[in-house]
Structure formats: C-alpha cells, structure tokens
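Student: The lines below spell out each chain.
There are 2 protein chains.
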Amino acid sequence: MESNVRMKVIYPCTILHIRKYLKSKAFKITETYNMYLEKTLPFIKSLPEERTLWVTKILNKQAEQDDVIILDEDEKDGFVLLPDSKWDRTNMTNMYLLAISKCPIICIRELSSDHIPLLKNIKSKTEEIVKGKYGIEADQLRMFVHYHPSYYHFHVHIVHCDVEPTKAMIAGHSHLLDDIIDLLSIDSNIFKNRALTFYLNESHPLLTLLKRQE
Amino acid sequence: MESNVRMKVIYPCTILHIRKYLKSKAFKITETYNMYLEKTLPFIKSLPEERTLWVTKILNKQAEQDDVIILDEDEKDGFVLLPDSKWDRTNMTNMYLLAISKCPIICIRELSSDHIPLLKNIKSKTEEIVKGKYGIEADQLRMFVHYHPSYYHFHVHIVHCDVEPTKAMIAGHSHLLDDIIDLLSIDSNIFKNRALTFYLNESHPLLTLLKRQE
Chain A
1 MESNVRMKVI YPCTILHIRK YLKSKAFKIT ETYNMYLEKT LPFIKSLPEE
51 RTLWVTKILN KQAEQDDVII LDEDEKDGFV LLPDSKWDRT NMTNMYLLAI
101 SKCPIICIRE LSSDHIPLLK NIKSKTEEIV KGKYGIEADQ LRMFVHYHPS
151 YYHFHVHIVH CDVEPTKAMI AGHSHLLDDI IDLLSIDSNI FKNRALTFYL
201 NESHPLLTLL KRQE
Chain B
1 MESNVRMKVI YPCTILHIRK YLKSKAFKIT ETYNMYLEKT LPFIKSLPEE
51 RTLWVTKILN KQAEQDDVII LDEDEKDGFV LLPDSKWDRT NMTNMYLLAI
101 SKCPIICIRE LSSDHIPLLK NIKSKTEEIV KGKYGIEADQ LRMFVHYHPS
151 YYHFHVHIVH CDVEPTKAMI AGHSHLLDDI IDLLSIDSNI FKNRALTFYL
201 NESHPLLTLL KRQE
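Residue numbers (the UniProt record's numbering), protein chains in the order written: chain A, 1 to 214; chain B, 1 to 214.
These are computed hints drawn from the structure, not numbers from a lab.
Treat the numbers as computed from the prediction; the structure is a model and nothing was measured.
Take the hints with a grain of salt, since some may be wrong.
Pair ranges (Cβ atoms, derived) [to be verified]:
hint: 1; chain 1: A; residue 1: K167; chain 2: B; residue 2: I18; range: 24 to 34 Å
hint: 2; chain 1: A; residue 1: S150; chain 2: B; residue 2: L207; range: 32 to 42 Å
hint: 3; chain 1: A; residue 1: P117; chain 2: B; residue 2: D66; range: 52 to 62 Å
hint: 4; chain 1: A; residue 1: S24; chain 2: B; residue 2: N34; range: 39 to 49 Å
hint: 5; chain 1: B; residue 1: I106; chain 2: A; residue 2: E128; range: 29 to 39 Å
hint: 6; chain 1: A; residue 1: A138; chain 2: B; residue 2: S188; range: 47 to 57 Å
hint: 7; chain 1: A; residue 1: S46; chain 2: B; residue 2: M92; range: 28 to 38 Å
hint: 8; chain 1: B; residue 1: K131; chain 2: A; residue 2: E128; range: 47 to 57 Å
hint: 9; chain 1: B; residue 1: L71; chain 2: A; residue 2: E49; range: 49 to 59 Å
hint: 10; chain 1: A; residue 1: K167; chain 2: B; residue 2: R89; range: 18 to 28 Å
hint: 11; chain 1: B; residue 1: R51; chain 2: A; residue 2: Y11; range: 16 to 26 Å
hint: 12; chain 1: B; residue 1: P117; chain 2: A; residue 2: S24; range: 31 to 41 Å
hint: 13; chain 1: A; residue 1: K167; chain 2: B; residue 2: K131; range: 20 to 30 Å
For each residue, glycine too, the CB sits at the ideal point set by N, CA and C.
Whole structure, please, built from the sequences with the hints as guidance.
Tutor: Okay, structure coming up:
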C-alpha cells in the first residue's frame with residue numbers, strides 16, 4: 001500500500017529553513033534591471049559562499065554522486081541532473097528533479113541568447129532521460145526557473161505536470177523554461193530590458209532593500 | 001465562527017462545467033502565433049455566442065448589476081469589476097474579483113501597446129477601490145490573465161496574494177498583469193512574436209487541433 005503521509009526532516013536546520021516554512025505575509029515587488037544592479041546584485045554578492053557550497057560540491061563530484069542522473073561536464077553548456085529532496089523517488093506523478101548549470105550563472109537576469117544552447121541542452125537531455133528512466137513523456141513535464149530562487153546558481157526545476165501546485169510554481173515566482181528560451185530568441189537582452197514582478201515574504205532580506213527603491 | 005467548508009452548486013450544469021472539475025491528464029503545448037492564426041482563432045470563432053452571453057449581459061447592464069464594483073463605460077479603456085463566484089465575499093484572504101474589458105478583445109494574443117491604457121486603467125482603478133472597500137493594499141494583490149482562458153473575452157483575475165495556489169495560477173496558464181504591461185511596453189507585438197507554452201487537459205477541444213500542428 002502506498003503511504004499518504006510523507007515526513008521531511010531537515011538537519012542541520014538553519015534560520016533560512018525555518019523562514020522558508022513559516023507562514024508569512026508576502027508583498028509584491030516590481031524589480032527593474034536598475035534595481036537589480038543597484039540593490040539585488042550587491043545583496044547576492046554579499047551572501048556567504050557556504051550558501052552554495054553544496055552546489056559546488058555536486059558539480060565538483062565531491063557530493064551526492066550516487067544520485068546524479070546526468071553529468072554533462074561541458075564548461076559552457078554542461079549541467080548536473082539529480083532528484084530534488086522533495087521527491088520520494090517512487091511516485092512518478094510527484095517526480096521532482098533539479099538541473100544545475102555547470103557554468104556559474106547567477107540567475108535569470110544574467111541570461112542572454114548566448115545561453116540558449118545551455119537551456120536547450122538541459123531541456124532535450126532531461127526530456128530524453130526522463131522518458132527512458134521513468135517512462136514520462138516530454139509533454140508531461142513542467143520545467144521552470146525561479147525568480148527569486150533560494151540559491152543564486154542557475155538551476156531548472158523539473159516536475160511532472162500533475163504535481164500539486166505550490167506557491168513556487170505560480171506566475172510571478174516561476175518562469176517556464178520554454179518561455180525563457182523563446183523570449184531570449186526574440187530579444188537577447190529581454191531579462192535586462194524587462195521588469196520582473198514577484199512576491200517576497202516579509203522575512204526575505206531583499207524585501208526592505210527593494211521596497212525602498214520602488 | 002467561520003465555516004471551513006464551502007460548497008459550490010452549479011446549476012444548470014453543462015458538459016463544460018463537468019470537464020472543468022474532472023481530473024484529467026494534461027499535455028504541454030507550445031503554440032506559435034501561426035498556430036494561433038491557423039488553428040486557435042478559427043476554433044474560438046466557431047464557439048457559439050451563447051458561451052459569452054453572460055459577459056455581454058453584464059457589460060450591457062442586463063445582469064448582475066447589484067454585484068458590480070466598478071463600471072467604467074469608456075469604449076476603449078473601460079471595464080467592469082465584480083466578484084468572482086469562487087469568492088464567499090466575506091473572507092478577505094480569499095478575495096477573488098474579475099475585471100472584464102468593455103472592448104471585445106479575444107485574448108492575450110490580441111494585445112498590443114495600444115491596450116496599455118486599458119490594462120493600466122484596470123490595474124489602478126482596481127487597486128484603488130480594493131484598498132478603499134476591502135482594506136487590501138495594492139502590493140497584496142495578484143492580478144493575472146489566463147491563456148487559454150475559459151471564455152474568450154479579455155478579463156483579468158484579481159486575488160489576494162495569500163489565496164491558496166491553484167493550477168489556474170501556475171506559470172504556463174497564468175500571466176501577471178504587471179508582466180503583460182511591461183512586455184508590451186518593450187515590444188508592442190510581443191504576443192504575436194512569442195510562442196506561448198501551456199498545458200491543456202485531454203478533454204480540451206484545442207488539444208487535438210494544436211497537437212497535430214506542433
């Protein structure tokens with residue numbers, strides 16, 4: 001019998017994890033590229049390197065190597081594909097994978113048409129292996145990118161399109177990989193030209209910085 | 001004591017309502033503007049007028065006038081704001097309103113920079129009245145447009161940003177009003193130039209039409 005209850009234990013648990021699971025009020029922010037350059041980017045650069053150490057370790061083959069589904073070591077278009085901790089790895093309609101780019105792109109704001117080969121590489125190789133390994137067709141997948149993400153090393157979320165919706169998949173926090181590729185092919189600077197609207201929890205350190213700027 | 005259970009009775013109930021609430025498999029479609037012109041638009045035009053008769057009646061002041069919150073009769077930038085049937089009209093964090101444009105714009109594909117005044121009018125007047133009437137600040141609102149919508153007369157959904165996420169708010173079905181205004185101000189033809197990726201249920205009549213075309 002399949003279990004209907006799943007418990008997640010986070011250890012060691014930091015203040016960041018606690019913030020992530022506390023119910024807190026959200027506020028809408030419309031961030032222009034200038035706001036990104038003046039407030040967001042300095043904030044991202046001020047974050048301690050330890051915050052993405054786990055990513056670096058995976059990319060350098062120092063951690064979680066047993067879990068790796070794809071390791072494409074190309075310096076420009078390479079990426080690592082592995083299961084997200086949210087997936088129990090048994091129920092296919094809950095499938096949740098992460099594709100982390102080899103190249104240290106900070107976030108969606110840094111993407112240009114130069115990154116289309118990387119994005120297409122993530123899309124096609126992931127679609128292929130997910131079909132072969134889990135029997136899930138490409139048109140059953142939802143691939144998306146968060147802005148703002150919980151860590152600033154470019155990565156793509158891959159879920160079965162029947163996964164129950166969460167706030168993390170909502171328009172304004174989530175951008176479909178297909179849309180990103182398409183928009184970049186129309187305008188290489190679209191993520192510098194456009195404003196991005198999203199909702200930040202009151203506990204998010206960027207909120208005060210950006211709210212003052214609007 | 002506030003009730004935790006809400007029952008929705010739909011009467012008379014059509015096959016469209018039943019389809020909407022049945023759990024069914026979804027498939028990803030990436031629709032180019034050519035696919036829109038060749039398949040989607042003829043499909044929309046083939047729909048019986050009765051499908052949007054309720055909208056016409058509201059706009060012509062023949063129905064639901066007691067519910068109307070804003071009636072801006074400007075032929076170009078006007079709209080009607082009223083509560084959505086999903087809202088119980090008491091719980092503010094479940095607030096759900098609809099803004100229906102006076103001008104018969106079919107859907108997001110038909111928008112150009114000419115519509116920015118309409119979109120900004122919907123945004124600013126709705127923000128103002130929601131603050132005055134319900135005490136909800138503008139930065140607590142999520143305004144979005146569906147593609148594909150359930151009826152093809154341009155309308156904007158307005159919810160409190162704390163409303164529980166549903167599939168209808170997910171990236172790929174939902175486009176933030178702020179993003180639409182911003183993208184149109186960068187490229188008046190963006191919704192003709194870009195492909196739109198979304199997920200259609202197997203029961204949606206457009207699925208077969210578009211799937212064959214991809």
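Student: Let me make sure I understand: some of the numbered hints might not hold for this structure. Which ones are they, in numerical order?
Tutor: 6 and 11
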